[in-house]
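We have chain A already, so just place chain B on it with the hints.
Same order as they appear, the protein sequences are chains A and B. The working numbering numbers the first residue of the first sequence as 247 and each following residue consecutively. The working numbering numbers the first residue of the second sequence as 52 and each following residue consecutively.
Rather than coming from a laboratory, the hints here were simulated on the basis of the structure. We treat Cβ as the ideally placed atom computed from N, Cα and C, and that holds for glycine. You may find that some hints are simply not true.
Result set (EDC-like, lysine to aspartate or glutamate): computed pairs, CA atoms no more than 20 Å apart in a straight line [claimed, not checked]:
no.	chain 1	residue 1	chain 2	residue 2
1	A	LYS248	A	ASP270
2	A	LYS248	A	GLU304
3	A	LYS248	A	GLU322
4	B	LYS84	A	ASP323
5	B	LYS84	A	GLU322
6	A	LYS248	A	ASP293
7	A	LYS248	A	ASP273
8	A	LYS248	B	GLU83
9	A	LYS248	A	ASP320
10	B	LYS84	A	ASP290
11	B	LYS84	B	ASP171
12	A	LYS248	A	GLU288
13	A	LYS248	A	ASP290
14	A	LYS248	A	ASP292
15	B	LYS84	B	GLU178
16	A	LYS248	A	GLU315
17	B	LYS84	A	ASP293
18	B	LYS84	A	GLU269
19	B	LYS84	A	ASP292
20	A	LYS329	A	GLU315
Stretch-level coverage of chain B by chain A, calculated; a stretch enters the list once three of its residues show a Cβ under 8 Å from a Cβ in chain A [claimed, not checked]:
no.	segment
21	71–82
22	102–115
23	168–176
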Amino acid sequence: MKIDLRADLMSQDHTGYTWSLFEDAPDPSIIVPGALILAGEEGDPDDPVAVCRVVELEEINGHMVVRFEILPGDIEDYAILVKRHNVTA
Amino acid sequence: MNAPVEQSGRLHNESPPHDAVVVVRGGPDTTEKIARHAARTAIVWTFEGSVIEGISVLLALDESGRYSLESLLASMPTYRVVHLATVGQLRAHGFELSATGRRAHFTLRFVGGGTLRIVDLITVLGERHLNPHFELRRKP
Chain A
247 MKIDLRADLM SQDHTGYTWS LFEDAPDPSI IVPGALILAG EEGDPDDPVA VCRVVELEEI
307 NGHMVVRFEI LPGDIEDYAI LVKRHNVTA
Chain B
52 MNAPVEQSGR LHNESPPHDA VVVVRGGPDT TEKIARHAAR TAIVWTFEGS VIEGISVLLA
112 LDESGRYSLE SLLASMPTYR VVHLATVGQL RAHGFELSAT GRRAHFTLRF VGGGTLRIVD
172 LITVLGERHL NPHFELRRKP
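Okay, chain A solo, but in the shape it has when bound (with noise of 0.2 Å):
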């Protein structure tokens, strides 16, 4: 499974929200709020990764600081969803 975000989910700044970097997303222009995407590690069958919702965007010190918010459930469960209501995208 690709992820869309590298990102420590354990990290947590001052807002309370996780956060990572826009450069460690494989694919930058998903990353915008309200994009809901896969975050987490990839490379060992214990990775974490968990479906997220974006928030916000903020440069600091050169950098994109992007904060997200875990959403319940993993990807299976919002698959099933999306295929019992048919959603197209």
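Quick look at chain B alone, frame taken from chain A:
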């Protein structure tokens, strides 16, 4: 360009945690992964004017309730495995904890920094433990 965010004035009001408090780090951790996570922190945060080298951890601050070990593990259902150590074990190896973010979140700082410190940290964090709440989430 916005400067790195100074954390010393943003710490949550927390007494220094007792040596017996359990520290939770979502796994699996590797030297490369910790280095990458620490590099992000070093880019955007400072502590007392200096670059922070460190990673995020949670501390089981209470015996029961939201910040107990059980509740913290339940709050990490995306983690199949975690690493567990105590504050005392980390302090004994020269690591420091800063109360960044919201309650229970801390930044585990590598005083002195460098790859050797990360290897030392991997040793202190020890083996992977299964997070029972990862399995619970997937039961019908």
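These are the hints, each one checked on the structure:
1. LYS248(A) - ASP270(A): The given pair, whose Cα atoms are some 13 Å apart, holds under the 20 Å limit.
2. LYS248(A) - GLU304(A): 25 Å, violated
3. LYS248(A) - GLU322(A): Since the Cα atoms of LYS248(A) and GLU322(A) sit roughly 14 Å apart, the hinted pair holds (cutoff 20 Å).
4. LYS84(B) - ASP323(A): 28 Å, violated
5. LYS84(B) - GLU322(A): Since the Cα atoms of LYS84(B) and GLU322(A) sit roughly 26 Å apart, the hinted pair is violated (cutoff 20 Å).
6. LYS248(A) - ASP293(A): Given pair LYS248(A), ASP293(A) holds - Cα atoms ~12 Å apart, limit 20 Å.
7. LYS248(A) - ASP273(A): Holds, at roughly 11 Å.
8. LYS248(A) - GLU83(B): 19 Å, holds
9. LYS248(A) - ASP320(A): Since the Cα atoms of LYS248(A) and ASP320(A) sit roughly 14 Å apart, the hinted pair holds (cutoff 20 Å).
10. LYS84(B) - ASP290(A): Judged against 20 Å, a Cα distance of about 11 Å means the pair holds.
11. LYS84(B) - ASP171(B): 14 Å, holds
12. LYS248(A) - GLU288(A): 8 Å, holds
13. LYS248(A) - ASP290(A): This hinted pair holds, its Cα atoms lying about 12 Å apart.
14. LYS248(A) - ASP292(A): Holds: LYS248(A) and ASP292(A) sit about 14 Å apart, inside 20 Å.
15. LYS84(B) - GLU178(B): 15 Å, holds
16. LYS248(A) - GLU315(A): Within the cut-off at roughly 19 Å; holds.
17. LYS84(B) - ASP293(A): 11 Å, holds
18. LYS84(B) - GLU269(A): Roughly 16 Å between the alpha carbons, so the hint for LYS84(B) and GLU269(A) holds.
19. LYS84(B) - ASP292(A): 13 Å, holds
20. LYS329(A) - GLU315(A): 24 Å, violated
21. 71–82: Satisfied; 5 residues make the cut.
22. 102–115: holds (count 4)
23. 168–176: violated (count 0)
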